[in-house]
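Enquirer: Sequence:
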Amino acid sequence: MFSQESVMKKRNAMINSMANHHSVTEDGFIFGDSILSPNSSYYINLPQVIRRCYFLDSDEINILVELYSWMNTEGIAQVEQGLIAIKTGIPLRTVKNKMTGKTNSLKSKGFISVSKKKRNNVYTIQKLDFNPYIILSEMAHAFAERNYYKGNLRSLEWEEVQVTEEIQDCKEMKESDSTAPNEICTLNWIIKGEQSITEWRKKFVECFSRTVADKGIYMKYVESMLSNPNQDYSQLCTMFWNDLYEGVVKYQLASK
27 MFSQESVMKK
37 RNAMINSMAN
47 HHSVTEDGFI
57 FGDSILSPNS
67 SYYINLPQVI
77 RRCYFLDSDE
87 INILVELYSW
97 MNTEGIAQVE
107 QGLIAIKTGI
117 PLRTVKNKMT
127 GKTNSLKSKG
137 FISVSKKKRN
147 NVYTIQKLDF
157 NPYIILSEMA
167 HAFAERNYYK
177 GNLRSLEWEE
187 VQVTEEIQDC
197 KEMKESDSTA
207 PNEICTLNWI
217 IKGEQSITEW
227 RKKFVECFSR
237 TVADKGIYMK
247 YVESMLSNPN
257 QDYSQLCTMF
267 WNDLYEGVVK
277 YQLASK
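Take the sequence shown: its position 198, counting from 1, is numbered 224 in my numbering, and each next residue is one higher.
Simulated from the structure, these hints should not be mistaken for laboratory data.
Just to be clear, a hint being listed does not mean it is correct.
As the list claims (entries may be wrong) - Below, a list of computed lysine-lysine pairs in the DSSO-like style, where the Cα atoms sit at most 30 Å apart: (1) LYS276 with LYS246; (2) LYS276 with LYS135; (3) LYS153 with LYS246; (4) LYS122 with LYS142; (5) LYS153 with LYS122; (6) LYS241 with LYS228; (7) LYS143 with LYS122; (8) LYS241 with LYS133; (9) LYS128 with LYS113; (10) LYS241 with LYS135; (11) LYS143 with LYS153; (12) LYS144 with LYS122; (13) LYS144 with LYS133; (14) LYS153 with LYS229; (15) LYS153 with LYS135; (16) LYS246 with LYS229; (17) LYS142 with LYS153; (18) LYS143 with LYS133; (19) LYS144 with LYS128; (20) LYS135 with LYS246; (21) LYS228 with LYS133; (22) LYS113 with LYS135; (23) LYS144 with LYS113; (24) LYS113 with LYS133; (25) LYS142 with LYS113; (26) LYS228 with LYS153; (27) LYS122 with LYS276; (28) LYS142 with LYS128; (29) LYS113 with LYS153.
Quick caveat: nothing in here was measured; it's all calculated off a predicted structure.
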């Protein structure tokens with residue numbers, strides 16, 4: 027019988043030997059120098075814009091987090107997709123699909139590039155400065171913060187008759203001028219009484235989540251930024267906010 031201590035020593039010796047002499051390829055073959063391991067000497071510096079990006083699903087975010095843990099100082103990560111599946115708990119089929127498969131979503135959205143080194147896939151983490159999904163996501167966050175708080179605070183200040191008049195003014199202004207500021211239309215949401223803040227936020231959360239996930243709204247801006255990255259982003263932001271507001275109103279009306 028082997029003692030637990032002797033078994034652990036043999037195990038560690040085997041792992042050290044493998045780490046010093048071999049590396050495992052994407053499809054399981056062994057070759058060359060050393061097994062690549064995650065950056066364990068320091069905490070992962072993960073951009074918050076990735077964690078909270080509206081246009082990445084949970085699997086894509088988790089895969090990116092894992093890739094960040096493997097990348098070197100040049101932003102390059104060399105790791106098997108099977109190991110990513112084990113580390114993240116995401117099915118291997120999904121990992122392959124997101125990284126190099128049919129949808130190839132992480133590459134098509136500009137978050138990674140994929141190259142080959144011998145039989146390995148090598149992943150390079152792309153810079154986020156001009157990623158349209160990140161830019162639009164941050165614009166959407168600014169829109170959400172502005173409207174989540176702004177409307178319900180107004181609702182506490184007006185009497186019912188004033189609110190009614192303002193709502194009518196809002197409708198008339200939007201009918202006569204489609205470019206009128208969207209802020210005035212938050213009045214459509216106002217409910218007088220102690221529950222106004224709760225009701226406002228509940229409805230906004232429900233409708234905004236559906237709106238920001240609507241490809242019909244955001245994809246045209248992604249395509250616009252890809253085709254013309256040097257355009258006026260302040261104007262694009264205004265247009266995007268207008269579309270977000272119209273989408274929120276549409277879903278709010280549909281939920282009545």
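Enquirer: With reference to the structure, classify each hint as holding or not holding.
Expert: Cross-check of the supplied hints:
1. The straight-line distance between the Cα atoms of LYS276 and LYS246 is roughly 19 Å, inside the 30 Å bound, and the hint therefore holds.
2. Pair hint LYS276 plus LYS135 holds up; C-alpha atoms about 28 Å apart against a cutoff of 30 Å.
3. With a CA separation close to 22 Å, the supplied pair LYS153 and LYS246 stays within the 30 Å bound.
4. Between LYS122 and LYS142, the direct Cα distance comes to roughly 15 Å. Compliance with the 30 Å bound is thereby established for this hinted pair.
5. Taken as a hint, the LYS153 and LYS122 pair is honoured in the structure, with Cα atoms around 22 Å apart against an allowance of 30 Å.
6. Of the supplied pair hints, the one linking LYS241 and LYS228 holds, its CA atoms being roughly 23 Å apart against a limit of 30 Å.
7. Distance check on the hinted pair: LYS143 and LYS122 sit about 18 Å apart at the alpha-carbon level, within 30 Å; holds.
8. Distance hint between LYS241 and LYS133 is fulfilled; the C-alpha atoms sit about 18 Å from each other, no more than 30 Å.
9. In summary, the hint linking LYS128 to LYS113 is supported, as the alpha carbons are separated by about 22 Å, within the 30 Å threshold.
10. Note on LYS241 and LYS135: the hinted pairing holds, with a Cα-Cα distance of about 13 Å set against a maximum of 30 Å.
11. Among the hinted pairs, LYS143 with LYS153 is consistent with the structure: their alpha-carbon atoms are about 21 Å apart, no more than 30 Å.
12. Our distance criterion of 30 Å between C-alpha atoms is met by LYS144 and LYS122, whose separation comes to about 19 Å.
13. Taking the CA atoms of LYS144 and LYS133, the gap is near 20 Å; set against the 30 Å cutoff, the hint holds.
14. For the hint linking LYS153 to LYS229, the alpha-carbon distance of about 36 Å lies beyond 30 Å, and the restraint is violated.
15. At most 30 Å may separate the alpha-carbon atoms for a hinted pair to count; LYS153 and LYS135 meet this at roughly 12 Å.
16. Straight-line distance between C-alpha atoms of LYS246 and LYS229 comes to about 26 Å, which keeps the hinted pair within the 30 Å bound.
17. Our distance criterion of 30 Å between C-alpha atoms is met by LYS142 and LYS153, whose separation comes to about 20 Å.
18. Distance restraint check for LYS143 and LYS133: the Cα-Cα separation of roughly 18 Å lies within the 30 Å cut-off, and the hinted pair is therefore satisfied.
19. Only pairs whose Cα atoms come within 30 Å are accepted, and LYS144 paired with LYS128 is accepted, the gap being roughly 22 Å.
20. At most 30 Å may separate the alpha-carbon atoms for a hinted pair to count; LYS135 and LYS246 meet this at roughly 14 Å.
21. Note on LYS228 and LYS133: the hinted pairing is violated, with a Cα-Cα distance of about 35 Å set against a maximum of 30 Å.
22. Distance check on the hinted pair: LYS113 and LYS135 sit about 23 Å apart at the alpha-carbon level, within 30 Å; holds.
23. Taking the CA atoms of LYS144 and LYS113, the gap is about 24 Å. The hint holds against a cut of 30 Å.
24. With a CA separation close to 20 Å, the supplied pair LYS113 and LYS133 stays within the 30 Å bound.
25. Distance restraint check for LYS142 and LYS113: the Cα-Cα separation of roughly 22 Å lies within the 30 Å cut-off, and the hinted pair is therefore satisfied.
26. Of the pairs offered as hints, the one joining LYS228 and LYS153 is violated, with about 36 Å between alpha carbons and a cut-off of 30 Å exceeded.
27. Taking the CA atoms of LYS122 and LYS276, the gap is near 37 Å; set against the 30 Å cutoff, the hint is violated.
28. With a C-alpha separation of about 18 Å, the suggested pairing of LYS142 with LYS128 holds against the 30 Å cut-off.
29. For the proposed pair LYS113 and LYS153, the alpha carbon gap of about 24 Å is at most 30 Å, so the pair holds.
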